[in-house]
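Taken in sequence, the protein lines are chains A and B.
With the first sequence counted from 1, adding 1040 to any position gets you the numbering used here.
With the second sequence counted from 1, adding 126 to any position gets you the numbering used here.
Wrong hints could be hidden among the right ones.
So these bits of chain B aren't anywhere near chain A, every CB distance computed over 12 angstroms [said to hold, decoys possible]:
hint	residue
1	Q140
2	S153
3	G192
4	D193
5	K196
6	S199
Cut-off 16 angstroms, straight-line C-alpha distance, at most; resulting in silico cross-link-like pairs (EDC-like, lysine to aspartate or glutamate) [what the hints assert, rightly or not]:
hint	chain 1	residue 1	chain 2	residue 2
7	B	K234	B	E141
8	A	K1080	B	E131
9	A	K1081	B	E131
10	A	K1080	B	E164
11	A	K1076	A	E1096
Derived coverage of chain B by chain A (criterion: at least 3 residues anywhere in the stretch with Cβ under 8 angstroms from a Cβ of chain A; other residues may be distant) [what the hints assert, rightly or not]:
hint	stretch
12	162-174
13	226-234
Hints are computed from structural coordinates only; laboratory data are not their basis.
Since this is a predicted model, take the numbers as computed values, not measurements.
Cβ atoms here follow ideal geometry from the backbone N, Cα and C, with glycine treated the same way.
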Amino acid sequence: ETGVTQTPRHLVMGMTNKKSLKCEQHLGHNAMYWYKQSAKKPLELMFVYSLEERVENNSVPSRFSPECPNSSHLFLHLHTLQPEDSALYLCASSQDERQGPYEQYFGPGTRLTVT
Amino acid sequence: TQLLEQSPQFLSIQEGENLTVYCNSSSVFSSLQWYRQEPGEGPVLLVTVVTGGEVKKLKRLTFQFGDARKDSSLHITAAQPGDTGLYLCAGADNNDMRFGAGTRLTVKP
Chain A
1041 ETGVTQTPRH LVMGMTNKKS LKCEQHLGHN AMYWYKQSAK KPLELMFVYS LEERVENNSV
1101 PSRFSPECPN SSHLFLHLHT LQPEDSALYL CASSQDERQG PYEQYFGPGT RLTVT
Chain B
127 TQLLEQSPQF LSIQEGENLT VYCNSSSVFS SLQWYRQEPG EGPVLLVTVV TGGEVKKLKR
187 LTFQFGDARK DSSLHITAAQ PGDTGLYLCA GADNNDMRFG AGTRLTVKP
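Isolated chain B (complex conformation):
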């Protein structure tokens, strides 16, 4: 069973700050997704990375897949209150997909 560890579990920052959250595993994934979930709603897909070393940008969000395809990071520049939510990573390989427990981000105005 693949185990995905996300860190930190909780993060509270002021508007305008930068932050990085991490998703780590000992397993290799064929693809990895990042989702954001707001209270009372389902997770919303942000990005999929499939190639080791791949970097994808979504406005102020930068996602990186580790060279060995075992880990990933999400960097947010100049965080805004609208970025508040639970950030989940999910790794997939051979029809098996598992989610991390998430990083709960709060951005204070």
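So that you can see chain A by itself, here it is in the shape it has in the complex:
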């Protein structure tokens, strides 16, 4: 595997379910990110991890819970989601979030549908 991988690619879940999204980067980067992409909206940065430490949490509801066990893996745990949480969830990595040029490499995303 090369680059950034995400699983699953598609997920349909009910509002009472608990599921997890997985991201893995094979680039040797130190920073990882979760983004939400909804139709006709800019990418919304959700969480940033640098060297496995969460450095940014952009007022994301607690029904989204990130986990970064090491610099190569990032999870997003989901529980009691709402239909408006349906979106494409993108994972990205970069060499170092603390210094430029901040080039980010994205995974293919997980298309989440909450029913």
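We have chain A already, so just place chain B on it with the hints.
Just chain B now, with coordinates in the frame of chain A:
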């Protein structure tokens, strides 16, 4: 919070035409990236510009960073159907990176 405005939001052209899309902000950026995203996939980095006035070329794509590092443009020459996609710009400064909403380009054969 930096706000990046991209224009136009949508652009539909015929194969072989030239086009320019824009990314504007009132904020100064230390670097700016352009990405292309195809349906069902994540954005793919095309280029990074860091110096005011910088011009970079990637085959038929020409990227320019404004002198004041507040804006950027992407010019495509002789567009092809394979150029179809969502073009996103992202500006970064002081650990803060923000994306524009993108320009959705369709190139018809």
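query = So which of those numbered hints doesn't the model satisfy?
reply = none
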